[in-house]
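Participant: Next come the chains, spelled out residue by residue.
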Amino acid sequence: MSLLFPKRTKYRKMQKGRVKGKATRCNEVVFGDWGIQALAPAWITRQQIEAARTALARATHRGKVWIRIFPDKPITRKPAESRMGKGKGNVENWVAVVKPGTVMFEFAGVSEREAKRIAKIVAYKFPIPTRLKRRFHLGGER
Amino acid sequence: MVQAKPRSLSVKAKRLRREGYVPAVIYGPQVETPVHVAIRESELEDLFRNVTRSTTVEVQVEGGETNHVFLKDIQVDPITDRFLHVDFYVPEPGRKLVIPVPVKLVGTCPGVKEGGILEHVHEYIEVEGLPRRIPPFFEIDISNLGLEESILIGDLEWDDDLRPLHPMDDPIVTVLAPRAVRLEAEEEAEVAAEAAEEAPEAEEAPEGEGEPEG
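In order, the protein sequences belong to chains A and B.
Position one of the first sequence corresponds to residue 14 (the numbering used here), numbered consecutively onward.
Position one of the second sequence corresponds to residue 674 (the numbering used here), numbered consecutively onward.
Isolated chain A, as found in the complex:
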């Protein structure tokens, strides 16, 4: 799987913006049994997403993996040693904007012990603290 980015966009470049508040959506584990949840705001680059996906796919062996974030924000950068002005720089990368609480990845088909181990490996791929989140079930439903 190559690095993710949108097929087509309405506008080529985007303003920076600020990440405020907690995630009010995408904050529950809904597909798999376990989720990797962000605990701080961040821009997650497509390389980081791919690194985490690869790590998860390897660690879960034959388990299922879901990617819940998509890098849809273009990041521009001016060439090195160029003077200020002359317009906005070129698109260099794509990122996903992540708020605290966002469940970025989900996986299934592993035991609790395995899930903890996997979460530790995947955490290294992100620039922010993350935690392992279990799908919410009432006790009698497990």
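These aren't lab readings, by the way, just hints derived from the structure by calculation.
The beta carbon of each residue, even a glycine, is placed where N, CA and C say it ideally should be.
The following label-pair restraints were derived from C-beta to C-beta distances: (1) Gly-767(B) / Ile-141(A): 50 to 56 Å; (2) Phe-44(A) / Arg-806(B): 30 to 36 Å; (3) Gly-767(B) / Ile-134(A): 52 to 58 Å; (4) Asp-85(A) / Arg-691(B): 36 to 42 Å.
Calculated lysine-lysine pairs in the BS3-like style (CA-CA distance at most 25 Å, straight line): (5) Lys-35(A) / Lys-685(B); (6) Lys-745(B) / Lys-685(B); (7) Lys-687(B) / Lys-112(A); (8) Lys-777(B) / Lys-77(A); (9) Lys-35(A) / Lys-687(B); (10) Lys-77(A) / Lys-786(B); (11) Lys-33(A) / Lys-687(B); (12) Lys-29(A) / Lys-138(A); (13) Lys-86(A) / Lys-101(A); (14) Lys-678(B) / Lys-745(B).
On the provided structure of chain A, position chain B as indicated by the hints.
Facilitator: Relative to chain A, chain B alone:
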């Protein structure tokens, strides 16, 4: 049984939570005005350890009556996993209600031992029924489930007072064959289909031979 104390809405929910309580509300078709209550967080945690969404729970309001309720909604903080609010629904005894009933699988599946993948299609079955007939969960024995076999919703016992809102031929749990086995089966089916196509042609051919030409 859960003990609840009536709550004045002038006390903010945040303060209640700081004091170790969880705000909750009790309502239903027979309850004239919703009753706002507060429940000890520890008590609620103990309760949620044993119940399901379709279990009837007794809530005793301090200085009030005891209600037999269903858990309608549970709000959980996505980051701290603390309970924020709970909705209790008091059903009307003679009126049917729609509720998701969880499915529990018991036994060891022989199909999985043969390399199959157990797919739990319906973790909950949406049912419509009278409150007294709604079970806390459906227990399904999978100890006789082989490769490529399923247990359907129609395999459970239903009647007029309790019926599923899914089609009867929907699988609840199924054992998928591993991919290699599935591909082999598909190839065999293709070969069989080709052979079946060729066979009628071969039968028709001798008739054509016998006809005079020109």
